[in-house]
Amino acid sequence: MTPALAINGLGVVYDDFTALDDVSLSVAPGESYGLVGESGSGKSTLLRAVAGLAPVSAGTITVDGKPLGQKRDKAFYRKVQMVFQDPYGSLHPRQTVDRLLLEPLAIHGFADTQARIVRALDEVGLGSGFRFRYSHQLSGGQRQRVAIARALILEPSILLLDEPTSALDASVQAEVLNLLEQIRAARNLTFVMVSHDLAVVTHMCDRLMVMQGGRTVEELTAADLAARRVNEDYTRGLLAASEGFRRSA
Amino acid sequence: MSALLNVEDLSVSFPTRTGVVEAVRGVSFTLGRERLGIVGESGSGKSQTGRAIMGLTAEHGVIAAKRLEFNGIDLLKASKAERRALRGRRIAMILQDPKYSLNPVMTIGRQIVETLRTHEPVGRAEARKRALDMLAAVQIRDPERVFGLYPHEVSGGMGQRAMIAMMLVAGPELLIADEPTSALDVTVQLDVLDILNRLVAERGMGLIFISHDLRLVSSFCDRVIVMYAGRIVEELPAERLSEAQHPYTRGLLNCMPQIGADRHPLPVLDRKPEWRT
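In the order they appear, the protein sequences are chains G and Z. The numbering of the first sequence is numbering that gives the first Met the number 0, which starts it at 0 and goes up by one. The numbering of the second sequence is numbering that gives the first Met the number 0, which starts it at 0 and goes up by one.
Fair warning: there could be bad hints in the mix.
[Said to hold, decoys possible] Okay, the calculated beta carbon distance ranges per label pair: (1) Arg-144(Z) - Gly-128(G): 55 to 65 Å; (2) Arg-144(Z) - Ser-127(G): 56 to 66 Å; (3) Ser-25(G) - His-59(Z): 53 to 63 Å; (4) Pro-92(G) - Lys-79(Z): 34 to 44 Å; (5) Arg-245(G) - His-263(Z): 55 to 65 Å; (6) Ser-41(Z) - Pro-92(G): 36 to 46 Å; (7) Ala-27(G) - Asp-261(Z): 16 to 26 Å; (8) Arg-93(G) - Gln-138(Z): 28 to 38 Å; (9) Leu-75(Z) - Gln-181(G): 46 to 56 Å; (10) Thr-61(G) - Pro-272(Z): 21 to 31 Å; (11) Ser-127(G) - Glu-234(Z): 37 to 47 Å; (12) Leu-75(Z) - Thr-112(G): 52 to 62 Å.
[Claimed, not checked] One-sided and incomplete, this derived list gives chain Z residues near chain G with beta-carbon spacing under 8 Å: (13) Thr-29; (14) Ser-41; (15) Leu-189; (16) Pro-256.
[To be verified] Far from chain Z by the CB rule (all over 12 Å, computed), these chain G residues: (17) Asp-72; (18) Glu-122; (19) Leu-153.
To be clear, the hints were calculated from the coordinates, so they are not data collected in a lab. Backbone N, C-alpha and C fix where the C-beta goes; we use that ideal spot for every residue, glycine too.
Here chain G stands alone, though its shape is the one from the complex (with noise of 0.2 Å):
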């Protein structure tokens, strides 16, 4: 089966600096794919150098079989969408959500707008009234939810979500991952999802890769992980730094 997403041997250099140094990774159609690590592990980068938003230096990336080139062009934007952190950062503050959920229709060429918006709000649980609001008369639950209707409206297969819920209260990002698994079970969709939370990406992923310092360290299954069987030393700490912490004296 041709995964829906495959990276190999990507690298991505900031002047000289090396963001992401030979990563390798296959994401099957309908599975969702976690990367977990600290900052400055490139796992965003990852993230971004597929949305197109990062310099890619070497090695390939195919979607659906198809390898990318330099510039995507709009039916990869159909296919692939991106959820980002900050719903406070990443909503146009002067735009109302309907003028928000209306600009990539618009740049698609969809015509029945009104029916889709209305339909977006109801999915991700918002309902009609919150379609003429400006995004400061939002909570941080609800800009992400709009982030999502977002992403979503132009149904693509593969979602990308760069930590989604972090800038979130727990009860909130309960909600929000629940949100997130109900839509990937009713329209099939694939995920990869970064994000620092080891308890979240077990949660929300089937397998998952381990990175630090812009390389992979270990690539597991959710199971793997739950049963504690890991080989790297670093995911250990990490796990045990995921447990709380402890009183050493």
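Chain G is already provided as a structure; the job is to place chain Z on it using the hints.
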């Protein structure tokens, strides 16, 4: 034991164009030389509680309390100058993100020296020595080098250690830490907490640890206060967190994804209007 801090019926409100926002509503607790955690989500009033004790509430905020005493000093009646003398010297505060709370145009060493010399009549050489000792105490390997660096030249973990050093250099009796590790990576988080833990124990300080992370707080503190919508909904010893009674506390504990627990979908909080009262 006489308490270090007595808070009785504290309320903080902000008049706005659309009405009065009550950020803190009737919070009471006492603190000895112990570690107290205040937990809650955004908007629960946990940070405003800390700021009111510190005397850093925004100018237009209104603070009222039956009692707000630090070591027998009535903080409500204290003049601005008296508050200023307490702040930094006897009550210190660590903020969330070193990127924004350190002075970007001053070297780390100078900032620590400035804090010390504001509060104690020490000479330049002595101040420098104490700043270097303090940097060594927060486990910075090369204090001489870090002393001369600007905040943008150090990592987040290093910046947060520098801030702890700056706050502890004058030897405060009460330390308020407002989300001190939320901006840091998990592994660095533990190092910083370890340092904080050791210094608080060694110096016998009282600590108020404010955080949204219930698990982290309970593993670090002796006692935990849970706040919701400006009120305390529950107070309990940290080791008995699993026996929490209030549905909000239980909901908060429950909604976090856990490694190894296969719960789909995650339980979500069903916020009840009666929790607010």
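Okay, the hints, checked on the actual structure:
A beta carbon spacing of about 57 Å between Arg-144(Z) and Gly-128(G) agrees with the range 55 to 65 Å that was offered as a hint. A C-beta distance of roughly 59 Å is found between Arg-144(Z) and Ser-127(G), which places it inside the suggested range of 56 to 66 Å. At roughly 57 Å, the beta carbons of Ser-25(G) and His-59(Z) sit within the given window of 53 to 63 Å. The hint said 34 to 44 Å for the Cβ distance between Pro-92(G) and Lys-79(Z), and at roughly 37 Å that hint holds.
A beta carbon spacing of about 29 Å between Arg-245(G) and His-263(Z) contradicts the range 55 to 65 Å that was offered as a hint. With their beta carbons about 19 Å apart, Ser-41(Z) and Pro-92(G) fall outside the hinted range of 36 to 46 Å. Roughly 21 Å separates the CB atoms of Ala-27(G) and Asp-261(Z), a value that falls within the hinted 16 to 26 Å. Taken as a hint, the range 28 to 38 Å is violated for the pair Arg-93(G) and Gln-138(Z), whose Cβ atoms sit roughly 47 Å apart.
For the pair Leu-75(Z) and Gln-181(G), the beta carbons lie near 51 Å from each other, so the given range of 46 to 56 Å is met. A hinted range of 21 to 31 Å for the beta carbons of Thr-61(G) and Pro-272(Z) is inconsistent with their spacing of about 52 Å. Restraint check, Ser-127(G) to Glu-234(Z): a C-beta distance of roughly 42 Å satisfies the suggested window 37 to 47 Å. Judged by the Cβ atoms, the range 52 to 62 Å given for Leu-75(Z) and Thr-112(G) holds: they are separated by roughly 58 Å.
Interface hint status for Thr-29(Z): violated, as the beta-carbon distance to the closest one in chain G is roughly 23 Å, over 8 Å. Checking Ser-41(Z) against chain G by beta carbon gives a least distance of about 6 Å; that is within 8 Å, so the hint holds. Taking 8 Å as the C-beta contact cut-off toward chain G, the hint placing Leu-189(Z) at the interface holds, the least distance being around 5 Å. At about 4 Å, the closest approach between the beta carbon of Pro-256(Z) and any beta carbon in chain G falls short of 8 Å, and the interface hint on this residue holds.
Consistency note on Asp-72(G): stated as away from chain Z, and its beta-carbon is indeed over 12 Å from all of that chain's, at 36 Å minimum. For Glu-122(G), the shortest C-beta to C-beta distance to chain Z comes to about 16 Å, beyond the 12 Å cut-off, and the non-interface label holds. With a cut of 12 Å on Cβ distances, Leu-153(G) stays outside the contact zone with chain Z, its closest approach being about 25 Å.
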